[in-house]
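S.K.: Take a look at the letters that make up each chain.
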Amino acid sequence: MKINTWFGSLEVGSGGEILAFDLFPKGIRELALRSLSLRSSRENLPPEGFDLKAAALECGFVASLSEYYSLLHEVTLEAAKLQVSEAITPDQRIVQAVEALDDINETTNSLSERLFEWYGGYFPESGLVGEALALFIVKYGSRENVPPDDPLYLKARDSMGAKLETADEALLKGFAESVCSLYSRRKQLEAYIESSMEALAPNLTTIAGPMLGARLISIAGSLEKLAAFPSSTIQVIGANKALFKHLRARAPSPKHGVIYSHPFINTSPWWVRGKVARALAAKISLAARIDFYSATKDLSLMGELEEKVRKIRAANPKPPQKR
Amino acid sequence: MKINTWFGSLEVGSGGEILAFDLFPKGIRELALRSLSLRSSRENLPPEGFDLKAAALECGFVASLSEYYSLLHEVTLEAAKLQVSEAITPDQRIVQAVEALDDINETTNSLSERLFEWYGGYFPESGLVGEALALFIVKYGSRENVPPDDPLYLKARDSMGAKLETADEALLKGFAESVCSLYSRRKQLEAYIESSMEALAPNLTTIAGPMLGARLISIAGSLEKLAAFPSSTIQVIGANKALFKHLRARAPSPKHGVIYSHPFINTSPWWVRGKVARALAAKISLAARIDFYSATKDLSLMGELEEKVRKIRAANPKPPQKR
Amino acid sequence: MPDIKLLSEGIFEIMKDKRQLATLNLDPGKVVYGEKLISVEGAEYRTWDPRRSKLGAMVLKKFNIPLSKDSKVLYLGAASGTTVSHVSDIASEGAVYSVEFASRSMRDFIRLASRRKNIFPILADAGKPDSYAHIVEPVDLIFQDVAQPNQAEIAARNAARFLNKNGYLLLSIKARSIDTAASPKEIFKEEVKKLEQAFEPGFEILTARDLMPYHEDHLGVLAKLKE
Amino acid sequence: MPDIKLLSEGIFEIMKDKRQLATLNLDPGKVVYGEKLISVEGAEYRTWDPRRSKLGAMVLKKFNIPLSKDSKVLYLGAASGTTVSHVSDIASEGAVYSVEFASRSMRDFIRLASRRKNIFPILADAGKPDSYAHIVEPVDLIFQDVAQPNQAEIAARNAARFLNKNGYLLLSIKARSIDTAASPKEIFKEEVKKLEQAFEPGFEILTARDLMPYHEDHLGVLAKLKE
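Protein sequences appear in the order of chains A, B, C and D. For the first sequence, the numbering used here begins at 2 and goes up steadily by one. For the second sequence, the numbering used here begins at 2 and goes up steadily by one. For the third sequence, the numbering used here begins at 13 and goes up steadily by one. For the fourth sequence, the numbering used here begins at 13 and goes up steadily by one.
Hints are supplied without guarantee of correctness; some may be wrong.
Listed next, the stretches of chain C that the computed footprint assigns to chain B, with coverage defined by at least 3 CB atoms under 8 Å from CB atoms of chain B [said to hold, decoys possible]:
| no. | segment |
| --- | --- |
| 1 | 120-131 |
| 2 | 134-141 |
| 3 | 145-158 |
Cβ pair distances, simulated, as ranges [claimed, not checked]:
| no. | chain 1 | residue 1 | chain 2 | residue 2 | range |
| --- | --- | --- | --- | --- | --- |
| 4 | C | L72 | B | N317 | 36 to 46 Å |
| 5 | B | S223 | C | S51 | 56 to 66 Å |
| 6 | A | S223 | B | T90 | 53 to 63 Å |
| 7 | C | E56 | A | A316 | 28 to 38 Å |
| 8 | B | A168 | A | G275 | 51 to 61 Å |
| 9 | A | S185 | B | K188 | 13 to 23 Å |
| 10 | B | I29 | A | G275 | 57 to 67 Å |
| 11 | D | R116 | A | G210 | 25 to 35 Å |
| 12 | B | N317 | C | G46 | 53 to 63 Å |
| 13 | C | E56 | A | G275 | 29 to 39 Å |
| 14 | B | P91 | A | T90 | 54 to 64 Å |
| 15 | C | R127 | B | E100 | 43 to 53 Å |
In case anyone wonders, no lab produced these hints; they're calculated from the structure. These figures come from a predicted structure and were not determined experimentally. Yeah, the Cβ is synthetic: ideal placement off N, Cα and C, and Gly gets one too.
Build out the structure end to end from the sequences listed, making use of the hints.
M.R.: Structure follows, in structure tokens:
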């Protein structure tokens with residue numbers, strides 16, 4: 002019986018005695034690569050309870066147990082490092098970008114609110130929020146610098162806001178610059194996710210849109226896992242809390258998770274949203290599977306979904322009567 | 002009897018009849034300023050139940066009730082705006098900076114962690130964190146760009162990290178730039194708080210340090226409120242949760258709030274920290290009062306506190322015996 | 013078409029999807045704090061969330077609300093104007109003198125006040141009524157929601173100076189702002205006693221009810237001056 | 013000088029300020045996950061937090077821990093190595109084959125493994141023992157903490173291939189990872205039954221105790237192969 006080990010191929014007799022062997026060269030990297038290549042082999046496995054280290058000694062692969070362990074330590078370490086270096090697949094890169102985008106969104110909102118509150122003491126009438134406010138502050142600082150041709154000139158001139166001292170103006174401008182930097186980061190991440198999604202999962206991107214598609218992959222963990230989910234799971238991805246409550250306390254089953262943000266659902270009247278969500282989840286599941294297994298674009302998917310949603314809406318023109 | 006109203010001074014008889022009057026000019030801003038100047042007058046108040054609008058009609062200040070209300074509306078609005086524009090006092094500006102700094106710290110930490118996690122997939126051996134990591138990524142991007150004269154060259158060359166694609170490198174560099182922007186914002190805010198505190202509250206700054214002093218003002222709401230607190234309150238400022246628990250559920254009284262960060266406390270052995278906190282809080286309270294009421298620097302304060310702390314430590318060289 | 017019921021002068025209950033408290037919008041088309049606008053036969057109603065307004069909660073707790081379209085009101089503790097806006101809707105031809113101490117809140121309140129002619133903003137300490145005695149006329153109602161430990165005293169001082177003989181006091185007492193440790197029930201008993209006896213002029217309590225479930229540990233009080 | 017008590021081979025209880033579980037540090041001066049180092053007469057101990065380690069909790073719940081200094085161990089679910097580091101301390105002259113499926117955890121685990129000669133990292137699915145059959149020798153103990161719904165099956169498969177006739181299985185079962193809805197008690201009963209009967213080879217259960225108060229809804233199990 003032939004068996005494969007990390008240090009070589011052996012021919013073993015029925016009593017476990019070694020009849021012949023073909024040892025690998027002792028290079029760490031080479032041994033690690035061979036070891037990795039053996040991972041998925043279903044044949045020539047050592048029999049249950051086979052003592053690898055005794056065999057390695059017997060064949061003369063190593064001169065001592067301590068050499069055996071020392072070499073195996075280096076080889077397993079190298080193999081693990083090689084695997085780790087290959088772990089960042091295209092869908093994992095999208096997942097990283099989605100997570101980074103979530104962090105950026107959260108911090109941008111929090112710093113934008115602070116800027117609004119802070120600058121509001123100096124020019125509460127500006128009516129500006131978010132990036133527009135940050136850009137305004139970077140440009141002018143104090144409202145005294147707003148020129149007559151700016152649409153906000155009159156409001157700035159007549160503002161009840163306090164006078165902005167030079168030191169505070171520098172502080173606010175710097176703060177606004179950081180906020181602007183975060184807004185451009187947001188755009189950069191969104192653009193990356195859009196183009197990566199189109200390349201990785203064209204069908205999912207068509208059906209769900211790039212951002213929702215990326216979010217689904219991110220919550221599932223990978224495109225492979227998303228493709229493996231039943232569509233009933235996809236329907237409630239991101240509704241963990243509600244789902245947990247449903248399972249534990251027999252609360253009503255949630256109708257939709259993150260797919261709620263899809264325009265087909267949030268533009269539908271409330272009484273058909275559950276049905277639309279079910280149809281959408283089914284199509285997303287199909288799209289993810291095509292993307293994972295064949296990666297070719299199926300041009301008919303979107304038309305089918307639109308038709309299905311149209312039918313659902315047509316069949317349910319009115320809200321159900323309350324009982 | 003002479004009485005002051007927002008529209009003029011009146012001479013009123015004992016039956017409430019108007020004997021004479023001196024009306025103000027009808028300019029909105031001028032009336033608003035006069036109205037504000039009457040706020041703190043303790044004399045010549047209208048008697049209880051005095052009907053101002055009837056008097057204004059009677060004196061001919063206005064021709065109709067609707068004119069009365071319309072004018073009063075404009076005047077109260079203008080007065081309130083004037084007050085709001087003066088509300089941002091030097092200590093309020095420090096409070097704003099402290100709040101902005103808190104937000105910046107929180108977001109910087111969260112984005113730094115994300116950067117560490119994300120870049121860790123490409124160069125886990127760098128050993129860099131925080132601003133050093135962000136600066137490294139801005140400088141080099143991929144570890145392939147680390148030159149042989151950089152101390153991290155060997156680690157970069159032999160890293161188990163994945164290969165960093167160009168598109169991801171641009172993303173990571175941009176993200177790192179935003180993080181760097183936040184770190185410089187943090188420094189700018191700290192420098193502002195330090196110099197403002199030295200000017201506003203030199204004694205508090207000497208005793209507590211500028212950052213702790215600013216935080217105490219921020220939690221109290223203003224220097225005036227801080228100066229009005231008893232020192233037992235100052236000792237536990239920022240320990241709200243523990244204090245609330247103490248009041249509600251008879252839990253032990255908290256020994257110190259934010260003043261815990263003071264070097265006199267956190268370098269003291271644990272068994273004298275309560276005593277040191279009490280001494281420190283007393284001196285902080287005194288310093289805040291001097292700053293609020295006289296704003297002159299008292300050079301003896303720090304020496305007295307140091308002496309007091311020295312004595313506390315000398316009197317309690319050993320931990321109390323457990324019973 | 014939604015079903016509309018009149019609860020008190022200027023205060024409505026509209027049935028649209030669910031029962032909603034509402035007032036007629038004095039500033040048509042404009043929303044103050046994110047509430048909904050509902051148009052019925054040319055009239056525009058603004059919904060009124062009792063969880064965000066002590067007065068709104070008092071309406072639903074069946075307090076008699078002594079407000080009519082020409083009421084003169086002294087409102088103590090205007091904050092950013094959520095409730096004042098509804099009082100302004102109701103007393104559409106009256107006057108709402110609105111006192112608020114925090115300049116940060118006043119900044120927002122000014123935006124509201126500048127759009128409504130019957131609101132008169134006053135940035136002042138409600139505990140010092142002398143400081144606005146040169147502005148405020150005698151009123152029919154004092155509404156007070158100031159979250160100060162000495163709120164009974166504040167009510168008495170303002171009533172002495174500004175409240176008409178037949179006028180009313182509507183008061184919201186927050187247990188926490190009196191004492192964080194004692195039980196709300198004890199606090200309420202104590203505060204009601206203070207209103208009745210501790211200061212000149214004393215009040216006669218007409219109604220006193222907690223504002224559950226809209227506000228926890230809050231007592232609503234309707235009172236008038238002792239004769 | 014701290015008081016030291018031997019609880020099991022290589023496992024100590026040190027009294028310093030409070031009782032603390034500890035092992036002798038195989039990598040002196042280095043800390044793995046923020047634990048404390050305590051030096052006593054030239055020997056360096058690493059404290060071991062039972063709240064962060066199922067095995068640590070099992071020690072305190074008085075499980076017999078079948079580990080000695082030359083043990084060969086197959087550790088399934090190495091994560092980032094918190095517990096493996098202590099197993100490596102105890103089996104200082106043995107071998108700890110450490111299987112972990114998540115490459116993110118393996119990234120951190122490699123840092124630990126590279127400093128300790130007796131750790132052999134394996135990035136693989138513990139449910140597929142064939143994939144590391146060419147590496148792992150027969151072992152004296154399988155420790156398993158994988159939080160998979162089919163953990164009984166995983167234990168059986170690995171035991172069949174790698175566990176010595178006289179070897180032991182130490183298993184931590186997390187109720188939530190089997191079923192989020194059922195009661196932990198029911199789940200534990202079911203899982204113990206599966207270990208005994210559902211797969212070849214069956215196990216004989218020696219000890220089964222929950223890991224409270226260190227870990228909620230976790231069952232620790234010590235078992236050996238049926239004869």
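S.K.: Please write out, lowest number first, the hints stated earlier that are contradicted by the structure.
M.R.: Structure breaks hints 4, 5, 8 and 15.
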